[in-house]
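Got chain R; can you put chain S on it based on the hints?
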Amino acid sequence: DVKVTQSSRYLVKRTGEKVFLECVQDMDHENMFWYRQDPGLGLRLIYFSYDVKMKEKGDIPEGYSVSREKKERFSLILESASTNQTSMYLCASSLTGGRNEQYFGPGTRLTVT
Amino acid sequence: DAKTTQPPSMDCAEGRAANLPCNHSTISGNEYVYWYRQIHSQGPQYIIHGLKNNETNEMASLIITEDRKSSTLILPHATLRDTAVYYCIVRDNTDKLIFGTGTRLQVFP
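Protein chains in written order, with the working numbering: chain R, 1 to 113; chain S, 1001 to 1109.
Chain R extracted, bound-state conformation:
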């Protein structure tokens, strides 16, 4: 079974802190994705990556950056956390080639105080 793991289920950080959210997949997938999920807004794509060291902006990249140094790992970085970044963050991976299903991790619920 495909496994996508995220470093923390729950995280509490202070405004202005630098925050790293880590995601690891074990199926040699080329594509990896970061979403955030907020009540009433569904899942929104922040960033995605088609390959190591490659990244593409999603729909809401402002305030975030990403890093993909190894194929299995995709990190989401909040350079200076703000309270409006309090959210559930979900990582996903998939094979490349279009229309392949995405496999999601369990999510990290981040609270910024």
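It should be emphasised that the hints constitute simulated quantities derived from the structure, not laboratory data.
Treat each hint with caution, since some may be false.
One-sided and incomplete, this derived list gives chain S residues near chain R with beta-carbon spacing under 10 Å [claimed, not checked]:
| # | residue |
| --- | --- |
| 1 | Tyr-1032 |
| 2 | Tyr-1034 |
| 3 | Gln-1038 |
| 4 | Ser-1041 |
| 5 | Gln-1042 |
| 6 | Pro-1044 |
| 7 | Thr-1083 |
| 8 | Val-1085 |
| 9 | Asp-1092 |
| 10 | Asn-1093 |
| 11 | Thr-1094 |
| 12 | Lys-1096 |
| 13 | Ile-1098 |
| 14 | Phe-1099 |
| 15 | Gly-1102 |
| 16 | Phe-1108 |
Ranges between beta-carbon positions, derived for each pair [unchecked claim]:
| # | chain 1 | residue 1 | chain 2 | residue 2 | range |
| --- | --- | --- | --- | --- | --- |
| 17 | R | Ser-67 | S | Gly-1029 | 35 to 43 Å |
| 18 | R | Lys-71 | S | Gln-1042 | 18 to 26 Å |
| 19 | R | Leu-41 | S | Asp-1011 | 34 to 42 Å |
Ideal Cβ positions, reconstructed from N, Cα and C, are used throughout, including at glycine.
Same frame as chain R, but now just chain S:
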């Protein structure tokens, strides 16, 4: 923006079929219909997808109308564990998924 419209919530009795509708009137010829679900406190899970023919797998059936402007996901014998938010997604040949707000299905005993 999501290209689909779903009812915000539905109820279904355990053991009965759950039929979840989705409208996608602006779907184009190369776009597929995907369904995912999200059980509370978990990440979304793929269910099924189709282009124009009806599809069935071990989880569900997908019925797409002939004009492809709407579809229905069918869970033939709903269980309490099927309580979740169900997302209907129209997807082109890229790797991106655009989620709407989905339908919250409550299966009751």
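Hints, verified against the model:
| no. | hint | in the structure |
| --- | --- | --- |
| 1 | Tyr-1032 | 6 Å, holds |
| 2 | Tyr-1034 | 8 Å, holds |
| 3 | Gln-1038 | 8 Å, holds |
| 4 | Ser-1041 | 8 Å, holds |
| 5 | Gln-1042 | 6 Å, holds |
| 6 | Pro-1044 | 5 Å, holds |
| 7 | Thr-1083 | 18 Å, violated |
| 8 | Val-1085 | 9 Å, holds |
| 9 | Asp-1092 | 8 Å, holds |
| 10 | Asn-1093 | 4 Å, holds |
| 11 | Thr-1094 | 6 Å, holds |
| 12 | Lys-1096 | 6 Å, holds |
| 13 | Ile-1098 | 7 Å, holds |
| 14 | Phe-1099 | 4 Å, holds |
| 15 | Gly-1102 | 7 Å, holds |
| 16 | Phe-1108 | 23 Å, violated |
| 17 | R:Ser-67 with S:Gly-1029: 35 to 43 Å | 38 Å, holds |
| 18 | R:Lys-71 with S:Gln-1042: 18 to 26 Å | 25 Å, holds |
| 19 | R:Leu-41 with S:Asp-1011: 34 to 42 Å | 24 Å, violated |
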